[in-house]
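Residue numbers (the numbering used here), protein chains in the order written: chain A, 1 to 161; chain B, 1 to 489.
Bear in mind the hints are in silico, worked out from the structure with no lab data behind them.
We put the beta carbon where it would ideally sit given N, CA and C, even for glycine.
Some clues are possibly wrong.
[To be verified] What follows is a set of in silico ranges between Cβ atoms, one per label pair, in the way DEER data are often shown:
{"#": "1", "chain 1": "B", "residue 1": "Ile-141", "chain 2": "A", "residue 2": "Glu-12", "range": "24 to 34 Å"}
{"#": "2", "chain 1": "B", "residue 1": "Asp-30", "chain 2": "A", "residue 2": "Val-109", "range": "44 to 54 Å"}
{"#": "3", "chain 1": "B", "residue 1": "Met-33", "chain 2": "A", "residue 2": "Ala-59", "range": "49 to 59 Å"}
{"#": "4", "chain 1": "B", "residue 1": "Glu-227", "chain 2": "A", "residue 2": "Glu-12", "range": "50 to 60 Å"}
{"#": "5", "chain 1": "A", "residue 1": "Glu-161", "chain 2": "B", "residue 2": "Phe-64", "range": "11 to 21 Å"}
{"#": "6", "chain 1": "A", "residue 1": "Gly-26", "chain 2": "B", "residue 2": "Ala-78", "range": "10 to 20 Å"}
[Claimed, not checked] Calculated cross-link-like contacts (lysine-lysine; reagent style DSS-like; alpha-carbon spacing at most 27 Å):
{"#": "7", "chain 1": "B", "residue 1": "Lys-281", "chain 2": "B", "residue 2": "Lys-480"}
{"#": "8", "chain 1": "B", "residue 1": "Lys-482", "chain 2": "A", "residue 2": "Lys-96"}
{"#": "9", "chain 1": "B", "residue 1": "Lys-123", "chain 2": "A", "residue 2": "Lys-20"}
{"#": "10", "chain 1": "B", "residue 1": "Lys-140", "chain 2": "A", "residue 2": "Lys-138"}
{"#": "11", "chain 1": "B", "residue 1": "Lys-371", "chain 2": "B", "residue 2": "Lys-388"}
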Amino acid sequence: MASIKLAPSKVEKLKEICKKFNNDKGELINVLHAAQETFGYLPAEVQEIVAEELNVSVAHVHGVVSFYSFFTMIPKGEYPISICMGTACYVRGAEKVLDEFKKLLNIKVGETTPDGAFSLNSLRCVGACGLAPVVTVKEKVYGRVAVEDVKGIIEEYKSLE
Amino acid sequence: MAKLKKQIRIALRNCGFINPENIDEYIARDGYMALGKVLETMSPEETIEEIKKSGLRGRGGGGFPTGLKWELTRKVDAEQKYVVCNADEGDPGAFMDRSILEGDPHSVIEAMAINAFCTGASKGLVYIRAEYPLAIERLKIALKQAREYGFLGNNIFGSNFSFDIEIRYGAGAFVCGEETALIHSMEGLRGEPGVKPPFPSEKGYQGMPTNVNNVETYANIPVIILEGADWFNKIGTEKSKGTKVFALAGKVNNVGLVEVPMGITLREVIFDIGGGIKDGKKFKAVQTGGPSGGCLTEAHLDTPIDYDNLINAGSMMGSGGMIVMDEDDCMVSMAKFYLDFTVEESCGKCAPCRIGNKRLYELLDKITEGKGTDEDLFKLRNLATVIKDTSLCGLGQTSPNPVLSTMDNFPEEYEAHVKDSKCFAGQCKALMQYIIEEDACTGCTLCVRVCPVDAISGERKMAHFINQDTCIKCGACMEKCKFGAIYIG
Chain A
1 MASIKLAPSK VEKLKEICKK FNNDKGELIN VLHAAQETFG YLPAEVQEIV
51 AEELNVSVAH VHGVVSFYSF FTMIPKGEYP ISICMGTACY VRGAEKVLDE
101 FKKLLNIKVG ETTPDGAFSL NSLRCVGACG LAPVVTVKEK VYGRVAVEDV
151 KGIIEEYKSL E
Chain B
1 MAKLKKQIRI ALRNCGFINP ENIDEYIARD GYMALGKVLE TMSPEETIEE
51 IKKSGLRGRG GGGFPTGLKW ELTRKVDAEQ KYVVCNADEG DPGAFMDRSI
101 LEGDPHSVIE AMAINAFCTG ASKGLVYIRA EYPLAIERLK IALKQAREYG
151 FLGNNIFGSN FSFDIEIRYG AGAFVCGEET ALIHSMEGLR GEPGVKPPFP
201 SEKGYQGMPT NVNNVETYAN IPVIILEGAD WFNKIGTEKS KGTKVFALAG
251 KVNNVGLVEV PMGITLREVI FDIGGGIKDG KKFKAVQTGG PSGGCLTEAH
301 LDTPIDYDNL INAGSMMGSG GMIVMDEDDC MVSMAKFYLD FTVEESCGKC
351 APCRIGNKRL YELLDKITEG KGTDEDLFKL RNLATVIKDT SLCGLGQTSP
401 NPVLSTMDNF PEEYEAHVKD SKCFAGQCKA LMQYIIEEDA CTGCTLCVRV
451 CPVDAISGER KMAHFINQDT CIKCGACMEK CKFGAIYIG
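Next comes chain A alone, as it looks inside the complex:
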C-alpha cells in the first residue's frame, strides 16, 4: 500500500465517516458519497483508507468509484458548471450551450480551468426538462439558457473571485 499523504486530521475524519456507517461494506456507496462531500473528490489515498476501514480490496473500491459517474477522482473547480445533456435539453440546443462554455473557458468536458475556478461537466437530466436547456453552477440552476447567456453566467462568478 502506498504511503498516505493526507493530513492526519483528514484521515481521522474519513475514519469517522466509515464508522458512522458501521464500517459495513454494504454501505460503501453511502460512505463514498459522504467522503466526496467532505473532500470534494475521491483521490487514491481516500479510496485506500476506505478499503482498509471497510475491509474490502482497494480494487473493489476503485471498481465502484469508476463505475458510477457521480464519483470523481479529479478535483472540481470552485464553481463546477454542469450542462444537462438529457434528451429534452439536447433537443432544445444544449449542445450549442456546451460548446460556448468550452470556447469561453477554453477547457474540455471533465476539465478544470488552470486557476481552479471553473470545471465543466455534462450530466444526464436533472429532471427539470420543462426549463430546457438547463445549466447548473454549484447548486444554482439556470433554465432556458441561450448561447448568448453563457458569457453573463461566467462573468457572474468571475466577479466573485
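Starting from the known structure of chain A, fit chain B onto it as the hints suggest.
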C-alpha cells in the same frame, strides 16, 4: 382548458395541492386511510387480489402486472423479505418520479407499507438518485413524520405488523434502474445486472425475496385500495388500466408532466394538451421510452397509447418520457445521441452491449460525417438486431431501438445522408455548406472580416464566395450578414 380536461390525476393527485413537508395535509386528503383499511379489514391475500383485479402494471417501463409480482414475493418462504422502491429515474427527459417524491412522498411510504403487509416484508428501501437533493430531503422529512405518527415502526395501527424504511443513494448509473443491477448497487457493489431467473421476488437484496416497484406504481396503490379495483380498471384500455404520467418535453408549446388515461392518442397529448409544436413548425417525430424506446411518426399519432400498442409500433412506454421533435431535428443525429448515451451507460458486463453499441455509434457517426456507405446501412441493421437478441439485460436488449425505429420510420433520411450527403434538417455539420447568394450579396466585406479562417474572398462591392475546403462551418458569416445573402445548402 383542453390541457386540463383530458387529464385524470391519480398518481399526481396530491402534487401541488398539499405541503409535502406536512403529514397532516396528506392525512387530510385521506392519507394513510388505505393502510388503515388494509391492516384493519383486509387480509394480505385479499389485498393482493384487489391489486391484481385492478390491472395495474409496472410504471417503470416493463409493464409487469403489479399484483402478480406481489403474489410471487409473498409465496416465497423466507425469514426476511424486503420491499424496494425504485426511484433511480435515469431516463433523460422523464421526471415524474422526482415530482411524486417531492410533491407527495407519503403516498409512496404508505404504498410500501401496504406492500410489506402483503408480502411479509419488514424492511423497506428507497433507492434514489443522488441528483435529486430536494426529493431526498422531502423523503427524509416524510419518513420522520410517519415514524412520529406511528405509520412506520412497531405495531402499526395497533396490529402486530411492523415495518420501517431506509434510503439508499444511487451514484449516477442508468443501468441501476434494472432491478438486479439496482439490488447490487444497494449492496455497495458495481451496478451490474445479474442473470434472471432467479428473479428478485425469489432471491433479491442480500439473497432474500425482494419486491421492487417504481415510484409511480406505488403512488397508485392507496387510491386503488380506497376507491376499489373496479373503479380503477374502468379507466384505460383492455390490457393497460389506469393512467400514465408522461413528461412532455422538447419542441412543444406546453411542457411538463401530464397524467392521462391509457388509451389516449399521441395526437391528443401533443396537440391538445401540449398545445402543438413550438414556433409553428412542423411535427416530425415523438420519442417515447427514452434511450430504450423509439421514434414514432405522424402515422402513429392516432394510435391509442398503451403498453402493447407502443411496443407494436416499435417503441415502448418506458418510464414515460415523451420528447417531441420538429422538422429541424435530424433523425440520424437523434439515434446517435441515444447511442452515445448507451455507450456511456453500458456497464460493460456482456460483450454485445459493451462492444456492439460502440460499433453502432461509430457507424452512425460515420454516416453523420457524410462518409457512410450502403454497406454501412446494412451493417447497422444487422448489428442492431444481434445486440437486441443477445444482450444480457434490458439496457442492451433495447438500446438499438432508437436506431431501428428511425431506420424503419425515416429510411429516406438515412439514404439522403449516405447517397446524397444531405441532411434535411441541416443539423449534421459535416454535410452543411454555407453558400452566398450572388444576387443578394452587396460586397460589404463584413463576412470577410468575421470569418475566422479566411475562407471568404471577393472584390469590394462585388459578390463574394466561400471556399468550401477551408470553411469550418462556424456560421459567423451568416449571423453577421445584414442582407440575408448567406444560406445553408
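Practice task
For Gly-26 of chain A and Ala-78 of chain B, compare the CB-CB distance with the range 10 to 20 Å and indicate the outcome.
Solution key: At 18 Å between Cβs, range holds.
Problem - Agreement of Lys-123 of chain B and Lys-20 of chain A with the hint, judged by alpha carbon distance not exceeding 27 Å - result: 20 Å, holds
Problem - Glu-161 of chain A paired with Phe-64 of chain B, Cβ distance criterion 11 to 21 Å - result: Violated - the Cβ-Cβ distance for Glu-161 of chain A and Phe-64 of chain B, about 53 Å, lies outside 11 to 21 Å.
Exercise for the section: Given the range 49 to 59 Å, decide if the beta-carbon distance of Met-33 of chain B to Ala-59 of chain A lies inside it. Expected result: 51 Å, holds
Exercise for the section: Starting from Lys-281 of chain B, check that the Cα of Lys-480 of chain B is at most 27 Å away, please. Expected result: 25 Å, holds
Problem - Status of the given 44 to 54 Å range, CB of Val-109 of chain A versus CB of Asp-30 of chain B - result: Holds - the Cβ-Cβ distance for Asp-30 of chain B and Val-109 of chain A, about 48 Å, lies within 44 to 54 Å.
Exercise for the section: Note whether the CB distance of Ile-141 of chain B and Glu-12 of chain A lies within 24 to 34 Å or breaks it. Expected result: 31 Å, holds
Problem - Restraint status (C-alpha distance of Lys-140 of chain B to Lys-138 of chain A at most 27 Å) - result: Status holds; Cα separation ~23 Å.
Practice task
Could you grab the alpha-carbon distance between Lys-482 of chain B and Lys-96 of chain A and see if it respects the 27 Å cut-off?
Solution key: 23 Å, holds
Exercise for the section: Could you tell me whether the CB distance from Glu-227 of chain B to Glu-12 of chain A stays inside 50 to 60 Å? Expected result: At roughly 56 Å between Cβ atoms, Glu-12 of chain A and Glu-227 of chain B fall inside 50 to 60 Å, so the hint holds.
Exercise for the section: Would you mind confirming whether the straight-line C-alpha gap from Lys-371 of chain B to Lys-388 of chain B stays at or under 27 Å? Expected result: The hint holds at about 26 Å.
Violated hints amount to a single one, hint 5; each of the other numbered hints is respected by the structure.
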